[in-house]
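Chains as they are written, first to last, in my numbering: chain P, 241 to 373; chain E, 2 to 111.
Don't read these hints as lab results, they were simulated from the structure.
Please read these numbers as outputs of a predicted model, since none were measured by experiment.
Worth double-checking, as some hints may not be accurate.
[Claimed, not checked] Some chain P residues judged to face chain E by a derived CB distance under 8 Å, without partners named:
hint	residue
1	G255
2	E264
3	L267
4	I268
5	Q292
6	D295
7	G296
8	K300
9	F302
10	T307
11	A308
12	Y312
[What the hints assert, rightly or not] Label pairs and their computed distance ranges (CB to CB):
hint	chain 1	residue 1	chain 2	residue 2	range
13	E	K9	P	D366	50 to 58 Å
14	P	N301	E	D38	19 to 27 Å
15	E	P27	P	E365	50 to 58 Å
16	P	D343	E	S10	35 to 43 Å
17	E	K74	P	A252	31 to 39 Å
18	P	A252	E	K35	40 to 48 Å
[To be verified] Pairs of lysine-lysine, DSSO-like flavour, derived with a Cα cap of 30 Å:
hint	chain 1	residue 1	chain 2	residue 2
19	P	K316	E	K75
20	E	K70	P	K300
21	P	K349	E	K9
22	P	K321	P	K251
23	P	K290	E	K70
24	P	K316	E	K9
25	P	K316	P	K251
26	E	K106	P	K243
27	E	K80	P	K349
28	P	K290	E	K75
29	P	K300	E	K74
30	P	K300	E	K106
31	P	K244	E	K106
32	P	K243	E	K96
33	P	K290	P	K300
34	E	K9	P	K300
35	P	K300	E	K78
36	P	K290	P	K321
37	P	K244	E	K70
Using N, Cα and C, we set each Cβ at its ideal position, and we do this for glycine too.
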Amino acid sequence: MAKKFMYMNTKAPYGTIYALESLEVVLIGAAFEQDVSLAFIGDGVYQLTKGQNTDGIGMKNFSPTYTALGDYDVNKIYVEKESLEERGLSLDDLQHLTWEDEDEDWAEKDSIRLVSRSELADVIEDQDVILSF
Amino acid sequence: MPIEVNGKSLEVDEEGYLANLNDWEPAVAEVMAKAEDVDLTDDHWEIINFLREYYEEYQIAPAVRVLTKAVGKKLGKDKGNSKYLYELFPYGPGKQACKYAGLPKPTGCV
Numbered sequence: 241m242a243k244k245f246m247y248m249n250t251k252a253p254y255g256t257i258y259a260l261e262s263l264e265v266v267l268i269g270a271a272f273e274q275d276v277s278l279a280f281i282g283d284g285v286y287q288l289t290k291g292q293n294t295d296g297i298g299m300k301n302f303s304p305t306y307t308a309l310g311d312y313d314v315n316k317i318y319v320e321k322e323s324l325e326e327r328g329l330s331l332d333d334l335q336h337l338t339w340e341d342e343d344e345d346w347a348e349k350d351s352i353r354l355v356s357r358s359e360l361a362d363v364i365e366d367q368d369v370i371l372s373f
Numbered sequence: 002m003p004i005e006v007n008g009k010s011l012e013v014d015e016e017g018y019l020a021n022l023n024d025w026e027p028a029v030a031e032v033m034a035k036a037e038d039v040d041l042t043d044d045h046w047e048i049i050n051f052l053r054e055y056y057e058e059y060q061i062a063p064a065v066r067v068l069t070k071a072v073g074k075k076l077g078k079d080k081g082n083s084k085y086l087y088e089l090f091p092y093g094p095g096k097q098a099c100k101y102a103g104l105p106k107p108t109g110c111v
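Using the sequences and the hints, build the whole thing.
Structure representation (structure tokens):
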């Protein structure tokens with residue numbers, strides 16, 4: 241039976257390797273057909289922001305890869321509302337992540353679910369495995 | 002060991018993938034294919050070019066399952082299936098086609 245895996249992303253995208261490592265583990269793990277969700281809290285919300293430019297820091301800008309998550313059937317992406325607000329961000333500052341529902345003639349649907357801290361706590365409570373990055 | 006393409010010596014990793022993405026030109030695919038006794042046809046090039054576009058957009062080499070689905074969507078069901086892709090790239094469409102396209106080995110491929 242598929243287990244519920246949640247990948248918890250808590251750090252800014254560059255400066256440490258955590259964000260990129262998490263993304264790679266998610267893409268690799270997607271092959272195992274588990275029930276995968278991602279959560280972005282704290283500075284982790286910066287990972288999903290639009291318009292990232294890494295020219296000055298000598299690292300690859302891997303933010304376009306988040307838009308491929310839908311192709312990997314990773315379509316439950318929880319973003320904590322308070323974390324966004326504390327940083328002066330809103331949903332409009334994030335990339336538009338979508339997936340296509342095979343059961344509904346490939347209708348395009350939003351992957352990001354904006355949740356409050358307490359709603360996210362309930363989602364976390366429901367997981368079998370939590371990996372924190 | 003580096004490979005020779007149009008008089009230039011290009012760095013590759015131990016499995017033959019280009020070390021530097023920017024070194025790629027169509028002749029790279031020709032040289033790699035020749036070394037594996039593959040004649041590149043228009044059908045091969047269609048997939049190679051598709052992979053290069055995919056990488057340009059998403060910055061990753063897709064897993065074979067994802068590649069198959071994406072090819073099916075863009076080029077039609079008769080091409081978006083394992084049989085078609087494995088006939089073109091018997092060493093695995095992910096690994097072999099990505100190599101010819103100058104991309105890294107697909108994430109998660111062992």
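Evaluation of the provided hints:
For G255(P), the suggested interface contact is broken, since its CB lies about 19 Å from the closest CB of chain E, more than 8 Å. The interface hint given for E264(P) holds, since its Cβ lies 6 Å from the closest Cβ of chain E, which is under the 8 Å cut-off. Satisfaction of the interface hint for L267(P) is found here, the shortest Cβ-Cβ separation to chain E being roughly 5 Å, below the 8 Å cut-off. Hint on I268(P) holds. Least Cβ distance to chain E is approximately 4 Å, under the 8 Å limit.
At about 11 Å, the closest approach between the beta carbon of Q292(P) and any beta carbon in chain E exceeds 8 Å, and the interface hint on this residue is violated. For the restraint placing D295(P) at the interface with chain E, the shortest Cβ-Cβ distance is roughly 15 Å, beyond the 8 Å limit, so the hint is violated. A cut of 8 Å between beta carbons decides the hint on G296(P): the least distance to chain E is about 18 Å, and the hint is violated. At about 7 Å, the closest approach between the beta carbon of K300(P) and any beta carbon in chain E falls short of 8 Å, and the interface hint on this residue holds.
For F302(P), the interface hint holds, the least distance from its beta-carbon to any beta-carbon of chain E being 6 Å, beneath 8 Å. Because the beta carbon of T307(P) sits about 6 Å from the nearest beta carbon in chain E, less than 8 Å, this interface hint is met. The beta carbon of A308(P) comes within 4 Å of a beta carbon in chain E, closer than 8 Å, and the hint placing it at the interface holds. Evaluation of the Y312(P) hint against chain E yields a held restraint, the C-beta minimum of about 6 Å falling below 8 Å.
About 55 Å separates the C-beta atoms of K9(E) and D366(P), a value consistent with the hinted range of 50 to 58 Å. Roughly 38 Å separates the CB atoms of N301(P) and D38(E), a value that falls outside the hinted 19 to 27 Å. One distance hint, 50 to 58 Å for the beta-carbon pair P27(E) and E365(P), holds here, with the actual separation near 54 Å. Judged by the Cβ atoms, the range 35 to 43 Å given for D343(P) and S10(E) is violated: they are separated by roughly 51 Å.
At roughly 34 Å, the beta carbons of K74(E) and A252(P) sit within the given window of 31 to 39 Å. Here the CB-CB span from A252(P) to K35(E) is close to 45 Å, well matched to the stated 40 to 48 Å. Among the hinted pairs, K316(P) with K75(E) is consistent with the structure: their alpha-carbon atoms are about 25 Å apart, no more than 30 Å. For the hint linking K70(E) to K300(P), the alpha-carbon distance of about 26 Å falls within 30 Å, and the restraint holds.
Simply put, K349(P) and K9(E) have alpha-carbon atoms about 47 Å apart, too far for the 30 Å limit, and the pair is violated. For a cut-off of 30 Å, the pair hint linking K321(P) to K251(P) stands: about 16 Å separates their Cα positions. For the hint linking K290(P) to K70(E), the alpha-carbon distance of about 26 Å falls within 30 Å, and the restraint holds. Proximity of K316(P) to K9(E) is assessed by CA-CA distance (about 46 Å); at most 30 Å being required, the pair is judged violated.
For the given pair, K316(P) sits about 19 Å from K251(P) by alpha-carbon distance, which is consistent with the 30 Å threshold. Distance restraint check for K106(E) and K243(P): the Cα-Cα separation of roughly 28 Å lies within the 30 Å cut-off, and the hinted pair is therefore satisfied. For the hint linking K80(E) to K349(P), the alpha-carbon distance of about 26 Å falls within 30 Å, and the restraint holds. With a CA separation close to 26 Å, the supplied pair K290(P) and K75(E) stays within the 30 Å bound.
For the given pair, K300(P) sits about 28 Å from K74(E) by alpha-carbon distance, which is consistent with the 30 Å threshold. For the proposed pair K300(P) and K106(E), the alpha carbon gap of about 16 Å is at most 30 Å, so the pair holds. Distance hint between K244(P) and K106(E) is fulfilled; the C-alpha atoms sit about 28 Å from each other, no more than 30 Å. With a C-alpha separation of about 29 Å, the suggested pairing of K243(P) with K96(E) holds against the 30 Å cut-off.
Between K290(P) and K300(P) the CA atoms are separated by roughly 15 Å; this keeps the pair inside 30 Å, and the hint holds. Simply put, K9(E) and K300(P) have alpha-carbon atoms about 26 Å apart, close enough for the 30 Å limit, and the pair holds. A hinted pair counts as satisfied when its Cα atoms are at most 30 Å apart, and K300(P) with K78(E) does not qualify at roughly 34 Å. A distance of roughly 17 Å separates the Cα atoms of K290(P) and K321(P); the hinted pair therefore holds under the 30 Å criterion.
For the hint linking K244(P) to K70(E), the alpha-carbon distance of about 24 Å falls within 30 Å, and the restraint holds.
In this structure, the hints that do not hold are numbers 1, 5, 6, 7, 14, 16, 21, 24, 35, in rising order.
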